[in-house]
Amino acid sequence: MASEHALPSPAATRGGRPRDSVGSWPLVDRVAYLLCWAVGIGLCAIAGVIVVFMLVKGIAYVRPILLVQSPSAGASEATSGGFLDPIVGTLLLTAIGTVIAAPLGVAMAVWLNEYARPAWLARAVESGVEMIAGTPSVVLAIFGLLVFSRPFLAFLSQTSAGGSVFGRSFLTAGAIMALLAIPLILGSTREGLAQVPAHVREASYALGKTKATTIRRVLLPSVRPHIAGGVTLGMGRIVGDTAIVVILLGATLRLEGVGGLPGLSTLRGTGGTLTSYVKYNSPAGEGNAPQKAYAAAFVLLIMVLALNALVTRITSRHTRHMR
Amino acid sequence: MSSGQTTPPRARKIGLDGEPTLVAPIPVGSAPPHSRAGAAARNGRSSDVSAGSPPPATSVVERMTIEGVSLAYGEKWVVREVSLPVRQGEVLALIGASGSGKTTLLRSLNRLTEITAGATRAGRIVLDGEEIEQIEVNDLRRRVSMVFQQPNPFPMSIFENVAYALREEHSAGRRRRRRSRRELEPEVIDALHRAGLYDEVAADLDHPALRLSGGQQQRLCIARALAVRPEVLLLDEPCSALDPISTATIEQLIVGLRAEVAIVIVTHNLQQAMRVADHVAFMHLGELVEYGSSAQVFDNPRAQRTRDYVGGAFG
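Top to bottom, those sequences are chains G and C.
Here the first sequence stands for residues 529 to 851, numbered as in the working numbering.
Here the second sequence stands for residues 768 to 1082, numbered as in the working numbering.
Treat the hints with care, since some could be wrong.
Simulated restraints, written as ranges between beta carbons of each label pair [unchecked claim]:
hint, chain 1, residue 1, chain 2, residue 2, range
1, G, 752, C, 1010, 26 to 32 Å
2, C, 950, G, 838, 46 to 52 Å
3, G, 655, C, 971, 44 to 50 Å
4, C, 971, G, 571, 44 to 50 Å
5, C, 864, G, 727, 18 to 24 Å
6, G, 650, C, 864, 36 to 42 Å
7, G, 655, C, 865, 37 to 43 Å
Worth flagging that the hints you see were computed from the coordinates, not collected in a lab.
In this text, a Cβ means the ideal position worked out from N, Cα and C, and glycines have one as well.
Model the full assembly from the supplied sequences, consistent with the hints where possible.
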């Protein structure tokens, strides 16, 4: 048809004006451009190699039986059992850390973004959170051990026959793990709140709503994807941490309950996670069962990748509704 | 820009042409002519109103009085000594260039200026015989509701957007029971009807409001503002983010609504002011330059600055 001749096809016009060729750029720009490419491709390659290597190694050693068997302190690969307890430990610790971190992180984000009065306190909270975010987890773990060994916090962990408080348990480790997740949840939630236009808040006030109602019914639902994204990132941090597990959870092979109450005994007891299990069984650890280490690392990697996929899914699905 | 000077505008016979700027205050203690319960009984359906010259509203009643109001942000006065009447049965348009203080004046009517730190006000604003300071602020905002420049539905369903407005705040002492969907449904549907939106969304009440088109979102915001049965409806450039067709729909709606609620509209669009307003107030650099009937201000402006503005010399 005539009109088709008059207009070039959309494919030909895609991308707007024709690109300058890189060859015409100044030398410095060309070098910088190539470096950017090289770094980008290099990072992708490293990530790809890690995943492929762990998949190959892991799949070679993962047996379904390993997922349902408790570990034991055998001297060889054949007698050291599976890693059911570390899997349960990872899930339990992540759950405890998230349950503590999510409400605190969201509440602090709301306070910082919507109230922030007095200003000096807001500034202090901001720098405090930044400091925690920058502190190595092993430092947080040592600090946690110091705090949770105080006699008045004995109910959180085990007390030895001599009366000294052990300080190591799922509860204490989970509490310190929450410190790792809070900055991520807070940051993500704040970012979301900052994106909600002022006139949306005003529209709610203009309907005679209080600030509290506006936050609960308008702002928090608006930033739900940001909260979910932050929580998932925080969970990733918790799943991946080793230092706190070794120092505050005891890094025992099995879950060792304390006291008679079912459930609570596990929470007050020690245990290990996949990270501490991998460390223990790696050639550098006491267990020295590298095949188990690879298998457990594979499972851990799958868990982290699944969490990352979840973050992408949650954030991309909701962004088109945000303005 | 200046079609108002060449084309004679529609004649509006509501008996208020050429009013002087100053306004007689409502005697204190006089009963409000239209109580909120009375407003609930009137149930004007906007769809009955056709485009073109609107039928004159049946009665004109003063609901709000602005007396010598000045507003400042910090040290800077942005509105000086403005006095205006706000009447049910007519549309009052505030026109003027950017920075003339019209939006600030509008926002002071429901005390929304108070959420800006450093904002101060002098002068009296009276709503049905009661100074607005004397009214609890959230009550005031339900009686004087507002629609914004950008359509801003909340991230919930269409139904819930309107229901949100209807659910009353728990005030400190007495906790109210949260009203169920079944209880709220007639009011929600009625509000959507009055905003001329119901027929388009009847089947999708549970769909997210953010999926509506811009014009529909703005009418949802109007429905939300009408749901609480306000005495005054403030519109802050409600069509500036919309296409011409949505704008026409909303203008028609505004003209139809003036019988049941006093309407104040801020607009940059002079043609829009001509189309919807019964009275026009022209503001410049915080001062009220001229107030009069739409016909008078556009065809026969008294002040030179008004003549320049409506003639397109600046703005």
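Now the hints, each set against the structure:
no.: 1; hint: 752/G with 1010/C: 26 to 32 Å; result: 30 Å, holds
no.: 2; hint: 950/C with 838/G: 46 to 52 Å; result: 39 Å, violated
no.: 3; hint: 655/G with 971/C: 44 to 50 Å; result: 48 Å, holds
no.: 4; hint: 971/C with 571/G: 44 to 50 Å; result: 45 Å, holds
no.: 5; hint: 864/C with 727/G: 18 to 24 Å; result: 21 Å, holds
no.: 6; hint: 650/G with 864/C: 36 to 42 Å; result: 38 Å, holds
no.: 7; hint: 655/G with 865/C: 37 to 43 Å; result: 39 Å, holds
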